[in-house]
Amino acid sequence: MLYNRVTEEIIRELAVIAGARNVLLDPAKLEAYSHDETSKEEYAHMPEVVVTPESTVAVAAIVKLANRAHIPLTPRGAGSGLSGGAIPVFGGIVISLEKMNHVREIDYENLTMTVETGIVTNEINNLVKDKGLFYAGYPMSLETCMLGGNIAENAGGGKAIKYGVTSRYILGLEFVTPAGDIVWLGGKLAKDVTGYDLVHLIVGSEGTLGIATAAIIKLIGLPAAKSDLLVLFRSPQEAISCVPVILSKGLIPTAIEFMDRRSVETSCAYLNENLPYAQCGAMLLIEMDGRDPALVESEAEAVGDLCMEQGAIEVYVADNRTTQERLWAIRRNIAEAFKVYCPVQSLEDIVVPPASIPAVIPELDRIAAQFGITIPCYGHAGDGNLHATLVKDPEMSMEDWHRIEPQALEALYEAISKLGGKISGEHGIGLKRKEYMKRFMSPVELELLKAIKRAWDPNLIMNPGKMFDLEKGIG
Amino acid sequence: MHIIVTIKQVPETDKVKMDPETGTMVRSGLESIVNPLDLYAIEEALVLKERFGARITVLSMGPPDAERALREALSMGCDEAVLLTDRVFAGSDTWATSRVLAEAVKKIGAFEIILAGERATDGDTGQVGPALAAWLGIPVISYASGLELFADLGSAGAEKGGVPFAPSTVRARRLTEEGYQILETEMPCLITVVKEIASPRLPTLRGKKFARSAQVLRWGARELGLGTEDAGLPGSPTRVTKIFYPKVSRDGERLVARDEEGIARAVNRIFALLEEKGCLSSVPEAALATAHQERTSLYSKASTTHENLERASLDQEAARNHSAAKLSPTEPSAAELSASSPGAAKSAVPKPEVWIIAERRHVGLDSVSFELLARARTLADALHTSLAAIVVAPSLADEEVQALIAYGADSVIALESLNFDDFVCETWADALFALARERKPDIVLAAATTTGRTLMPYLAAKFGTGLTADCTELAIEEGTGLLLQTRPAIGGNIMATIKTPKHKPQMATVRPHSAQPLSPDFERKGIVLRTQALQPAESRAGTQQIAVRTRVLSMERNTKGFENLEGARMVVSGGRGLKKAENFKLVRELADALGAVVGASREAVDRGWISYPHQVGLSGKTISPEIYLCAGISGAIQHLAGIRTAKTIISINSDPEAPIHAVADLAVVGDLFEILPRLAERVRSAKTGISTEGNHAL
Ligand SMILES: Cc1cc2nc3c(=O)[nH]c(=O)nc-3n(C[C@H](O)[C@H](O)[C@H](O)COP(=O)(O)OP(=O)(O)OC[C@H]3O[C@@H](n4cnc5c(N)ncnc54)[C@H](O)[C@@H]3O)c2cc1C
Ligand SMILES: Cc1cc2nc3c(=O)[nH]c(=O)nc-3n(C[C@H](O)[C@H](O)[C@H](O)COP(=O)(O)OP(=O)(O)OC[C@H]3O[C@@H](n4cnc5c(N)ncnc54)[C@H](O)[C@@H]3O)c2cc1C
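Those protein sequences? They're chains A and B, same order as listed.
Going by full-length UniProt numbering, the first residue of the first sequence is number 1, and it counts up by one from there.
Going by full-length UniProt numbering, the first residue of the second sequence is number 1, and it counts up by one from there.
Keep in mind the hints are simulated off the structure, nothing from the lab.
In this text the structure is predicted, and so the values were computed from the model without any measurement.
Check before you lean on any hint, since a few could be wrong.
Said to hold, decoys possible - Keeping only pairs whose Cα atoms sit at most 25 Å apart, straight-line, the calculated DMTMM-like set for lysine to aspartate or glutamate is:
no. : chain 1 : residue 1 : chain 2 : residue 2
1   : A       : K226      : B       : E275
2   : B       : K579      : A       : E31
3   : B       : K621      : A       : E48
4   : B       : K580      : A       : E48
5   : B       : K579      : A       : E325
6   : B       : K585      : A       : E31
7   : A       : K29       : B       : E67
8   : B       : K209      : A       : E325
Just need the whole structure built from these sequences, with the hints factored in.
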């Protein structure tokens, strides 16, 4: 089976469906849609055409057209993905939802918002903040990414310990199937077992089953008080070992973020920020929130005291927005900073059961030593989800890197599997990890996934080449 | 050692939003925080404490709730806290605030150093620090970016073998428009600090626990021996008469430059906008760059009244009368100038003058002096009085005098002394104070520069009069003849009109580049008065001591000017639309021509066309220039995050749909390769063109 190419005729049809101004052909413009936040050199691929439809009806018509003409279709949000999910590996049509960013309804009685998926995630919070509400499902990239991308990746953020990940907040979806049909799934319901839970099959499906054009999302009360602790430890091992201790004490932070020294240093250099990390090997950034400021303060203090008992060097407290923003900016900018200072790298998001977190660090050290690379590490330690980042040392040649990177990744995934973990906790499989997923997933499970895909998208037009390969090539 | 740090609790001004419908400030959800710039003063105090051993007292005047700010400072490591809170204090202006603080400092007792932030982010005046120093009669060093302490003057030895010693001298690096001034002064003294000095630490858990149980002293007016008339509104010389909201919407003009004609129109329009915003300094560089030139007969054709060129002492009544007579020949000149209102226009008494304090740089008069003249000319004309340009300098060149008169001064008063080589607040203030006591000006204007913002509050405190910082508009009120001073506040979210109804002189600092100089008239005649003011021998008691207390050791001048994006007034940025590295020079060339700083999008930085410190946006710098001109940048949301507070945005992008055009004040849909070089050429020739004209006129 081969895909067809985008012809003049198809372009004319796209222009009729979406309007000529929403059809992009200029190669200079297409380039921006050829990559996401994974390495351009390794993964970028040009689309033949980009369409930016402004309505669900237009989206459906484009999908119908692609399905009829056997043209590969890649849905795209903000392109902040870290698994190559939005890259059009087979060319074809990129359907960008950037113009579908309208809020259709805010329902203050049911505490839901119905919103198109092209909205930048942070906008949601800006809209309801004044009403004392917030959308808790957001990832760290909230100022960039779009809701649709979060849904497709089932993104998880810095608040997942207490609030969970995107899926918990998606109650309903307006969905365009690979055949081009429009359907509403789920609703403003707290419970719903009417048939298979298709909403949550779609959440995390990486755009391979269809396009979510709008969603009903759950809003919750914005906690009035927040206190952040920055805890310095002598070694990564000491820091990480503290995490299960905190969690087992029944204290529920919204976040426990881990940052090793290299991550902090790099981000600080990037932000021109200054933290007292002289004797410190790693840090935890711990956030407590709640309605009652006094209670939050005393809980934060309890966590701080616990960390000191566990051998922390120092505990810093940020209990106003200015200092909190200072700390979170450091955490949020680590990925960007590594891109600037060590551009040749592989950003991973391994996940292990919380109790196994302390065992991860020695594994990273071992793999780093074995392959002669460095593996700085940071991430959502409270979720057992760590961004181990394989970094090429400046002296290493590119050839060596290309040879070593897959071996090191394989060793990493192997180690994680043994700890009861998985290769991706939130960034997804996409293009980047599909070869590895194959090896670390049971054949039966893999076949179930493929069966779902074939049933939903028999022509295999919807985001092909992602998660796993199926039998179709470029025509 | 005892260090006092003055801090203020402020609303988070960077989060202030305006309600687009009502045009009012949205106050809900605003937290009160320690003035972010005071954190640097606290940090520096803590660093000094760690090095030399010290006790730190934090001092704040504010509502009872300001206790939280003090506790934050305690949790960072300060030892004691004093809160000045009283209904009587509410509504105090900077003069009254500094007065209350001064009383509190006296009550606190002996100290070596007072540290303060450069300014508070809400009021944005930076006046309280220097005014407090004036009240206490101690030297002030403002905008310090680094401090060193020594046991005595000149002994540059650091801590001897790490053993703490009792310091008595402070050496400071002071940030100025020209670079850094290295000064030394004696303790006790007051230092205001800039961000560069330190990176504020976070409070520790231990610190928080200490701060929670620590005592915060509360003093009211009674404890300080102040009456109800001494502070608050009754004790404040200035009055806010009007508050209004600046326009928030962008005009959003759009031009399409597809053909020759369109391109020419676009270039013209951008040029006109730059000119309108005062980005093309129209002052002849030749007139400015003469400070250290020898006086030559070349200028003998000049129209200055030469009989006044010989040095005259201010004490010589005759000289003053003589000059007054020249200024307004119809008026008798012997009478004592009074600080009466200009209502006395028809009386025989010569009217109090309007003054500007001209500003000089290494290379001569700074263009801001001519902007001040333009402002003051309107005021003097409205008051039917004369305009004097006051220059404090080692010596003033004739051609500088010439330029001041050509740009609007009726008279030039040069306070000349070798002591005046570099700015030292107390020395300059003393000289100006003496001059003002003689001549009793009605209005004194200076530039809101590091010099003006230090000197003026110090002077105002000495005069006992009000001062308005960083004005962008000045006018004379009908009927009363009072000066109406309008300035932005709360991070530019509101505008306030302020006047000083009962005190003289009325004083204001004026935001640089907020006005255009007048076009020079080299035929204008004026008067020159030179005075070797305040030779130490003749100086009043105390003066000499002050003059010696602070001295300038050296200057480190920036030859290239600041490459500081965050502080830049103009930024020219380029993005991926420039296509390749070599083309980025188009952006640099325009920036050079304008004297702007170069910025870039992440795409340009990623491609290595320019280094990361130039990146503007979410993961780069957040900037708020007067002018942001960008070419070949699409305006991605992350890029826009960095330019939300830019005042005027000019976009050049060939794509009519580019999101940058939607936020631009002037959107040019066109090819940057056509537009940038022509614009740069136009700017260059405009600059040199004017200067040729200027030379010609001279
Ligand atoms: C600095 C940084 C920090 C990050 N932090 C986090 C984090 O904390 N947690 C986390 O989980 N991720 C994080 N990410 C990864 C990324 O931001 C998330 O995966 C995000 O959800 C992607 O959203 P997007 O809109 O950019 O999607 P894109 O990259 O555009 O697309 C991602 C996938 O979603 C599909 N898709 C997009 N829209 C739709 C739609 N409407 N219907 C169907 N499919 C669609 C695409 O086909 C693609 O497969 C981070 C990335 C960066 C660069
Ligand atoms: C987490 C994250 C953080 C980011 N942080 C930043 C940040 O801090 N700063 C930042 O800038 N970006 C940032 N980005 C990247 C951002 O999303 C955009 O990719 C980037 O800003 C685009 O740069 P650009 O405008 O130069 O390029 P493009 O978007 O490619 O735009 C180039 C523009 O040039 C125009 N053009 C082409 N030729 C010409 C011509 N001859 N004449 C005139 N115009 C022409 C085109 O029409 C186009 O609009 C971030 C992204 C992520 C995911």
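Evaluated hints:
{"no.": "1", "hint": "K226/A to E275/B", "in the structure": "violated, 48 Å"}
{"no.": "2", "hint": "K579/B to E31/A", "in the structure": "holds, 12 Å"}
{"no.": "3", "hint": "K621/B to E48/A", "in the structure": "violated, 35 Å"}
{"no.": "4", "hint": "K580/B to E48/A", "in the structure": "holds, 23 Å"}
{"no.": "5", "hint": "K579/B to E325/A", "in the structure": "violated, 36 Å"}
{"no.": "6", "hint": "K585/B to E31/A", "in the structure": "holds, 23 Å"}
{"no.": "7", "hint": "K29/A to E67/B", "in the structure": "violated, 55 Å"}
{"no.": "8", "hint": "K209/B to E325/A", "in the structure": "holds, 22 Å"}
The structure does not agree with the numbered hints 1, 3, 5, 7 stated previously, though it agrees with the rest.
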